[in-house]
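*Asks:* Listed below are the residues making up each chain.
Number of protein chains: 2
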Amino acid sequence: MEYGKIDNQVLERLSSIVGEANLHTDAPTLEKYSRDETPLVEGSLPDAVVMPASPEEVSEVLSLANDLKIPVTFRGQGTGLSCGAVPILGGILMVFERMDRILEIDEENLMAVLEPGVVLLVFREAVEKRGLFYPADPGERTSAIGGNVGTNAGGMNGVKYGKTRDYILGLEVVVPSGEILSLGGKTVKRSMGYDLMHLLIGSEGTLAAVTKVIVKLVKLPGIFMTLYVPFDDLHHAVDSVCDILRKRITPTAIEFVERDAILLAEEHLDRKMPHDEANAYLIIRLEADKEDDLYEEAEAVSEICTDRGAVDVLVADTPETQARIWDIRSNFYEAVVKARVADLVDAAVPPAKIADFMHAVKEISKEHGMRIIGYGHAGDGNIHLHPLKDRLTDEEWERKLPQVMEAIYRRAAEFGGTVSGEHGLGSAKKKYAPIALSKEEIEIMRGIKSVFDPNGILNPGKVFD
Amino acid sequence: MEYGKIDNQVLERLSSIVGEANLHTDAPTLEKYSRDETPLVEGSLPDAVVMPASPEEVSEVLSLANDLKIPVTFRGQGTGLSCGAVPILGGILMVFERMDRILEIDEENLMAVLEPGVVLLVFREAVEKRGLFYPADPGERTSAIGGNVGTNAGGMNGVKYGKTRDYILGLEVVVPSGEILSLGGKTVKRSMGYDLMHLLIGSEGTLAAVTKVIVKLVKLPGIFMTLYVPFDDLHHAVDSVCDILRKRITPTAIEFVERDAILLAEEHLDRKMPHDEANAYLIIRLEADKEDDLYEEAEAVSEICTDRGAVDVLVADTPETQARIWDIRSNFYEAVVKARVADLVDAAVPPAKIADFMHAVKEISKEHGMRIIGYGHAGDGNIHLHPLKDRLTDEEWERKLPQVMEAIYRRAAEFGGTVSGEHGLGSAKKKYAPIALSKEEIEIMRGIKSVFDPNGILNPGKVFD
Chain A
1 MEYGKIDNQV
11 LERLSSIVGE
21 ANLHTDAPTL
31 EKYSRDETPL
41 VEGSLPDAVV
51 MPASPEEVSE
61 VLSLANDLKI
71 PVTFRGQGTG
81 LSCGAVPILG
91 GILMVFERMD
101 RILEIDEENL
111 MAVLEPGVVL
121 LVFREAVEKR
131 GLFYPADPGE
141 RTSAIGGNVG
151 TNAGGMNGVK
161 YGKTRDYILG
171 LEVVVPSGEI
181 LSLGGKTVKR
191 SMGYDLMHLL
201 IGSEGTLAAV
211 TKVIVKLVKL
221 PGIFMTLYVP
231 FDDLHHAVDS
241 VCDILRKRIT
251 PTAIEFVERD
261 AILLAEEHLD
271 RKMPHDEANA
281 YLIIRLEADK
291 EDDLYEEAEA
301 VSEICTDRGA
311 VDVLVADTPE
321 TQARIWDIRS
331 NFYEAVVKAR
341 VADLVDAAVP
351 PAKIADFMHA
361 VKEISKEHGM
371 RIIGYGHAGD
381 GNIHLHPLKD
391 RLTDEEWERK
401 LPQVMEAIYR
411 RAAEFGGTVS
421 GEHGLGSAKK
431 KYAPIALSKE
441 EIEIMRGIKS
451 VFDPNGILNP
461 GKVFD
Chain B
1 MEYGKIDNQV
11 LERLSSIVGE
21 ANLHTDAPTL
31 EKYSRDETPL
41 VEGSLPDAVV
51 MPASPEEVSE
61 VLSLANDLKI
71 PVTFRGQGTG
81 LSCGAVPILG
91 GILMVFERMD
101 RILEIDEENL
111 MAVLEPGVVL
121 LVFREAVEKR
131 GLFYPADPGE
141 RTSAIGGNVG
151 TNAGGMNGVK
161 YGKTRDYILG
171 LEVVVPSGEI
181 LSLGGKTVKR
191 SMGYDLMHLL
201 IGSEGTLAAV
211 TKVIVKLVKL
221 PGIFMTLYVP
231 FDDLHHAVDS
241 VCDILRKRIT
251 PTAIEFVERD
261 AILLAEEHLD
271 RKMPHDEANA
281 YLIIRLEADK
291 EDDLYEEAEA
301 VSEICTDRGA
311 VDVLVADTPE
321 TQARIWDIRS
331 NFYEAVVKAR
341 VADLVDAAVP
351 PAKIADFMHA
361 VKEISKEHGM
371 RIIGYGHAGD
381 GNIHLHPLKD
391 RLTDEEWERK
401 LPQVMEAIYR
411 RAAEFGGTVS
421 GEHGLGSAKK
431 KYAPIALSKE
441 EIEIMRGIKS
451 VFDPNGILNP
461 GKVFD
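Chains A and B, in that order, are what the protein sequence lines are.
The opening residue of the first sequence carries number 1 in my numbering; numbering runs sequentially from there.
The opening residue of the second sequence carries number 1 in my numbering; numbering runs sequentially from there.
Don't read these hints as lab results, they were simulated from the structure.
These numbers were taken from a predicted model, which means no experiment stands behind them.
Be aware that one or more of the hints could be misleading.
Copies of the same chain are indistinguishable here, so a pair counts whether it falls within one copy or spans any two.
What the hints assert, rightly or not - Cross-link-like lysine-lysine pairs, in silico, DSSO-like; alpha carbons within 30 Å at most:
| hint | residue 1 | residue 2 |
| --- | --- | --- |
| 1 | 32 | 338 |
| 2 | 32 | 366 |
| 3 | 129 | 247 |
| 4 | 69 | 449 |
Turn these sequences into a full structure, and let the hints guide you.
*Replies:* Right, here's the structure in full:
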């Protein structure tokens, strides 16, 4: 594909669309926006950073870029973990920081209308004040809702509440021609031809720009409780998860974590978890509207864990003690990648296969002589694994890492799992996608890409080649 | 589009694929499968009815039809209401009655794997025996799961549980080339390129044949209660629905119905509802695991309805009394269309707009001098409206009906609603879709259609032209 270049004339036209103050070509700004949070990857400089303030400005920029075949990559808060927002072929990086308004919190319909740049944390606080809850909860709460839509972001609350897709009711999007489309809307049911909205969710900015998001809200649960459960054996922890699900208890979240990740996070934050001497932990969040129900469920979960050999069951029932645990949990990723050279696997398997999958991962680790730390969303089968360089030489690491990554993904696929559960493929993981996707599927995706983006200008080099 | 014809040679090849006993060309069989349950529409005869028993047979038939450019229409139980399963251009009608096995009920993952011909009622009973619940609940319980996927069927439980899409985790499908694709699977999270599975849900058999369905199950609620609430004024009933939602109470179902529909159903079934003298009714199903919770919620709902002027609140709390009410509810459609000449509107509006929408419908009714009976899923904004011929002359009916239909859809669209909430567009409603879909959206749908089905053999003449 031959792409157009950004010359002074193009810059002038971009400047006339978004205003001079919102067009950046200086080295520090380009550098600042050249990467997301994917580990082990070099950034890529855009040629220009454009910050539109409205769907109309997005439309004008896309239409111009489409005419001149200039690549356009979209970026919310740049918290992605697969290089989805990295402009690997240069061109225009469209940053949605200025489109960060909560346009409406519709308490009658239990819905909200957001610009794509709204930061999740800000939004959650705004709705919680009104007794409402936006349950999709990616670990990275500083992410933007537009990015969440782009990757169909998941997170902690998957067990009970599912993922971003489950809360999206409508999208306003702009296709490369500059047409603004309004997909879905404030209705619960919809059966009117092909669901383009669902097709766009998870498409990582390769089909259209998202300029508005209508989300569904639910009632804020009355009370929460967090159980922090140490186990001497990883497998006992994972077996407990299966038992909890088998008994049809659905906690808000069931996270599991190996000791190494706890220790790294404690060190990184200079804070202590209530316990850090066991090999593996479950962190379980329960919710209810009534205290009795909450304690009854907590008891049932404790009993299961104890039967499976839990060393203890620590109960956090004040907001503060719970927040302390979940804050540390939120920092596992950063703690691991800041402290070590580590890659990241985001596979998902059927929930009941977690124990088998973790067992397979340990075998791979042994076979290749590479440590692999695991933690993640045990309750929904979405596990994050960090292969670690530790004391391997550079040569060993570079040789073994792709083998280990591929071996893990192959085992996940054998269990009926995915290469990415919630981070997306971007450019960092796209090479592994064919392990779990057929040639025909990828061929159809390519066909769909040409329908939306015949010039291939949107986020080129992502998802598939 | 020039389509191929079915001659003796084609029949021989079809027969060799599915077996002679499963290929039908006799007039009574063709006639039997020439229509679904759409009102006011003539049937269309297929040239051959083919009943495959496996994905491989489906694949061989499709591949043959694709080579010869012969139209193929899919049919589950033929309970559709938009002619989705009617072979309007003849060709092959592929009937999934033989592929009706529940392949697996996976109690560990709370999932099930079904062939497309599984009848919903049979499936629900099978899972309920194990304490599990499949919540997507189209009024027509004799429908097949494959058809539910095709239309993204909704139903009664939308308020609390959503629609078919929300319970689909994986599909096995066959595209016209004969390739069998496995989309999605038994994972809760998934972010691997474009979600073809979600694109296929609701595509009414125009992109691929569905040969396997993986669905999510939930825990069967412990106890149910049904409130049957008469109102003298339709608007008070509808206002009560808004109040219930505003107070963040989420019943399993909130149906509303006008008196005329109750009377017709009573007559049709020769059975009595507990009350039939008020102008409008709400039928509200509540569920809980504990009796106290159930009664507490029932009290809150009763209070809201009483405050809004309910004449009475009748409580059905035994399985039998509840079943009697819901059975009659399930027969509204049949009662209306069997007793009268009536068309059917399946619009959905934002839940909080129901009162305004119903008000607009009454205005349209008055303006055109045509009675319009309403009932439906008030809790999720999906209303079924029957314009009735009554004493209009044939000429008046034929002249006024399209005007009334269009006027209703336009008002629904103005409220941010849809032309079809759950029945699909098929051939019966496709002409109204442009009221709520933009030209660009339809153009993109057309592009997607050519990616999947370049020869246009799948269910031609449906969804869009």
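*Asks:* All hints, please: hold or fail.
*Replies:* Each hint tested on the structure:
{"no.": "1", "hint": "32 to 338", "result": "within (18 Å within a copy, 68 Å between copies)"}
{"no.": "2", "hint": "32 to 366", "result": "neither (39 Å within a copy, 63 Å between copies)"}
{"no.": "3", "hint": "129 to 247", "result": "between (34 Å within a copy, 15 Å between copies)"}
{"no.": "4", "hint": "69 to 449", "result": "both (15 Å within a copy, 26 Å between copies)"}
Violated hint for the displayed structure: number 2, the only one.
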